[in-house]
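To convert a position in the sequence shown, counted from 1, into the working numbering, add 94.
Be a bit skeptical, because a hint or two may be false.
Keeping only pairs whose Cα atoms sit at most 25 Å apart, straight-line, the calculated BS3-like set for lysine-lysine is [to be verified]:
1) Lys127 <-> Lys108
2) Lys105 <-> Lys127
3) Lys127 <-> Lys102
4) Lys108 <-> Lys96
5) Lys127 <-> Lys96
6) Lys112 <-> Lys96
Simulated from the structure, these hints should not be mistaken for lab results.
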Amino acid sequence: FKEDNELKYEKQAKELLKPELSTLEISFDDVEKYNQNLATTIIEEYYRIHPFLNQAILNYVLSLAET
Numbered sequence: 095f096k097e098d099n100e101l102k103y104e105k106q107a108k109e110l111l112k113p114e115l116s117t118l119e120i121s122f123d124d125v126e127k128y129n130q131n132l133a134t135t136i137i138e139e140y141y142r143i144h145p146f147l148n149q150a151i152l153n154y155v156l157s158l159a160e161t
């Protein structure tokens with residue numbers, strides 16, 4: 095998600111590379127703006143998709159580590 099032509103959560107995601115950190119806070123409003131279907135799925139089926147959300151964030155953080 096970009097804000098002012100920059101990736102909004104990139105800096106915070108890079109912080110997750112530190113072993114003492116494990117949480118990335120994302121605005122639900124941003125999720126709704128980016129993908130309304132995803133937002134609805136999170137609301138309706140959170141426990142089912144929770145592992146996939148975690149894996150997606152892990153993949154994103156690891157991709158940032160390579161840059």
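Status of the hints after comparison with the structure:
{"no.": "1", "hint": "Lys127 <-> Lys108", "result": "23 Å, holds"}
{"no.": "2", "hint": "Lys105 <-> Lys127", "result": "20 Å, holds"}
{"no.": "3", "hint": "Lys127 <-> Lys102", "result": "13 Å, holds"}
{"no.": "4", "hint": "Lys108 <-> Lys96", "result": "16 Å, holds"}
{"no.": "5", "hint": "Lys127 <-> Lys96", "result": "11 Å, holds"}
{"no.": "6", "hint": "Lys112 <-> Lys96", "result": "23 Å, holds"}
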